[in-house]
Each structure stands twice: as C-alpha cells, then as structure tokens.
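There are 2 protein chains.
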Amino acid sequence: MADLRRKIAPRLRLRAVGVVHSPYAEPSDLPPPAFAPPRFFERSVGTIEVFPEFAEALDDIEGFSHIIVLFHFHRAGRAKLKAVPPGQSRPRGIFSTRSPHRPNPLGLSVLRLLRRDGRRLDVSGLDLIDGTPVLDIKPYTARDRKTRIRTGWLRKKGA
Amino acid sequence: MADLRRKIAPRLRLRAVGVVHSPYAEPSDLPPPAFAPPRFFERSVGTIEVFPEFAEALDDIEGFSHIIVLFHFHRAGRAKLKAVPPGQSRPRGIFSTRSPHRPNPLGLSVLRLLRRDGRRLDVSGLDLIDGTPVLDIKPYTARDRKTRIRTGWLRKKGA
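Chains as they are written, first to last, in numbering that gives the first Met the number 0: chain B, 0 to 158; chain Z, 0 to 158.
Warning: the hint list may mix true and false statements.
To be verified - EDC-like cross-link-like pairs, simulated, lysine to aspartate or glutamate; straight-line CA separation at most 20 Å:
id, chain 1, residue 1, chain 2, residue 2
1, Z, Lys145, B, Glu41
2, B, Lys81, Z, Glu55
3, Z, Lys79, B, Glu55
4, B, Lys81, Z, Glu25
5, B, Lys79, Z, Glu41
6, B, Lys79, Z, Glu55
7, B, Lys145, Z, Glu61
8, B, Lys145, Z, Glu41
9, Z, Lys79, B, Glu52
10, Z, Lys81, B, Glu55
11, Z, Lys145, B, Asp121
12, Z, Lys81, B, Asp58
13, B, Lys81, Z, Asp116
14, Z, Lys81, B, Glu48
15, B, Lys79, Z, Asp58
16, Z, Lys81, B, Glu61
17, B, Lys81, Z, Glu52
18, Z, Lys79, B, Asp58
Stated by the list, open to error - Now the in silico label distances, taken between C-beta atoms and shown as ranges:
id, chain 1, residue 1, chain 2, residue 2, range
19, B, Thr146, Z, His100, 28 to 38 Å
20, B, Arg119, Z, Glu55, 16 to 26 Å
21, Z, Arg114, B, Asp116, 42 to 52 Å
22, B, Arg10, Z, Asp129, 15 to 25 Å
Unchecked claim - Okay, the calculated bits of chain Z under chain B, using three or more residues with CB under 8 Å as the criterion:
id, segment
23, 32 to 38
24, 51 to 63
25, 94 to 105
26, 139 to 150
Calculated directly from the structure, the hints in this document are not laboratory data.
Even glycine gets a Cβ: it sits at the ideal position worked out from N, Cα and C.
Kindly produce the complete structure, drawing on both the sequences and the hints.
Structure follows, in structure tokens:
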C-alpha cells in the first residue's frame with residue numbers, strides 16, 4: 000500500500016497566491032453557519048488581495064458574479080477523522096463536515112464578487128478570517144450549481 | 000514583500016487521501032465541458048477510493064446527494080497566468096478559467112454521490128481521469144448553491 004501511495008500520490012507543495020483581508024481577526028469572531036443571524040453572511044464583506052506576480056491571472060474574472068476561493072485553514076489544529084459539529088450531539092466523519100480539522104487543511108468558500116480593482120477583489124459572503132492564505136481562485140459556473148440536493152445530518156438548520 | 004509572504008503563507012504540504020477510478024485514462028479522453036454531448040457528464044460514472052487510514056472520515060457522508068472533491072491536477076504541465084480555453088479565440092486569466100495549468104494545481108469537481116460502500120464512493124458527473132489523487136472531500140450544502148449567477152466569458156456554451 001505504501002508503495003502504491005507513493006506512486007499514485009507524491010506529496011504536493013503549495014504556495015499562497017494571495018491573502019484575505021477580513022473584519023474577523025479570530026475564528027471565534029465568525030458564527031457557525033447554522034447559528035448565524037439571518038443574512039449575516041450576505042452582509043459580510045472583505046477583500047481578496049492577490050500577490051503582484053499573479054495579478055495577470057485575474058483578468059476576465061470581473062465578468063463572473065461568484066468565485067470559488069480555495070484557502071489554507073492556517074489556524075486549524077491537528078487533523079481529526081471525526082468531529083462534533085457546532086450544535087450537534089455526536090461526532091460526524093470529517094469528510095461529511097466543513098470543519099477545518101481535515102487531513103489536508105484546505106478550505107473552500109463561494110463568494111460574491113462585488114468589484115475588481117486591479118489585484119484586489121471585493122467580496123461578500125465572507126466567512127474567512129483576516130490573513131487567511133489564498134491558494135486558488137476559480138470562476139463559479141452553472142456546473143457548480145446543483146438542484147434537488149440532500150444535505151444529510153445538516154438538515155435545514157445547518158445548511 | 001518576500002518577508003510578508005513568508006510570514007503570511009508558509010508553504011503547505013499535502014498528501015493524497017484517496018484516488019479516482021475512472022474510465023478515462025488520459026485527459027484527452029474527456030471532452031471540455033463546453034463541447035460535451037448533452038447529458039455526457041450525468042452518465043459519466045466512477046469511484047472515489049479513500050485510503051484505509053481515512054475511511055472513518057467518510058462516516059455520515061451517505062446522507063448527502065452531492066460531494067465536492069478537491070484533487071491534484073497531477074497531469075498538468077507548467078503553471079500559466081493566462082490560457083486560451085477550448086473553443087475560445089483569446090487568452091483568459093487563469094483564475095477566470097478551470098484550466099489545470101494553475102499556480103497551485105488544485106482541481107475541484109462537484110459530483111453526485113450514488114452510493115457508499117465502505118471506503119468507496121460511487122459517483123456520477125465524473126470529469127476526472129483514472130489515478131487522480133484526491134486531496135479532500137466535502138459535503139455540498141445549500142450555501143454552495145448560488146442563484147442568478149453571471150458567468151462572464153463562458154456565456155451559455157462554456158458553462
């Protein structure tokens with residue numbers, strides 16, 4: 000197995016392409032989505048700053064209403080295989096949660112793109128803390144929008 | 000700038016948590032989404048195998064209709080800041096495309112979860128080649144589903 004693993008999946012090294020500017024200094028400044036006041040995230044705004052050497056890669060993004068931001072959960076503690084989500088009574092498999100305590104500390108947020116100013120993207124829907132390293136930015140397309148979804152243990156409240 | 004970068008964003012090392020089993024052996028076996036026959040991807044099925052040491056992290060995922068798979072574009076060539084998408088006439092900023100040739104070769108697919116059998120997930124909507132290293136699996140939730148989207152240069156054809 001170990002040999003297969005090395006063959007299939009050599010370790011991957013990533014670098015930040017930008018950084019998040021956010022009003023939230025600490026993870027505890029952000030409510031879990033299931034417990035956020037109504038419209039909390041719609042009103043939550045900030046800026047994604049892309050480093051100068053990657054600025055050109057942002058061209059044409061202004062035509063998209065939403066972007067997918069992949070980021071490093073840089074404040075996550077050690078990885079867990081199970082965790083008790085906020086408001087839940089029992090542990091859930093980490094791949095069925097959006098917890099930061101993942102085997103690979105990769106996070107994903109779909110944000111509304113309000114404005115591009117050079118290498119700065121003003122966004123809403125922000126659920127990221129200040130200083131979060133940005134690893135990738137992708138356009139949100141019709142293929143990312145799924146209808147008739149089931150959301151398991153999240154039900155209505157946690158969705 | 001270099002000092003700031005090192006402070007904000009130390010390099011991140013990732014490891015595969017699983018691997019894709021797919022009927023597509025080569026990237027050229029997959030049509031670009033804009034040129035796929037109707038319902039091509041709905042009928043495109045395969046399996047995500049999670050390695051034994053991460054199997055427990057899959058618990059509770061069977062309640063979700065869709066999963067987000069983050070993967071390594073392990074066959075991507077060198078990174079580009081701009082690329083001409085299939086069927087397009089001019090280069091676009093790479094962050095406004097889903098091209099594999101990204102500064103960090105991270106890919107994202109939203110797949111329909113058909114069945115979980117232990118540490119194997121049967122999926123449809125598959126647009127990944129055989130042997131793709133899987134880095135993370137997340138549940139697709141209502142917060143990932145955006146309405147009234149604009150998709151820039153993709154327009155109707157490329158969405």
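Exercise. Failing hints, ascending?
Worked result: 4, 5, 20 and 23
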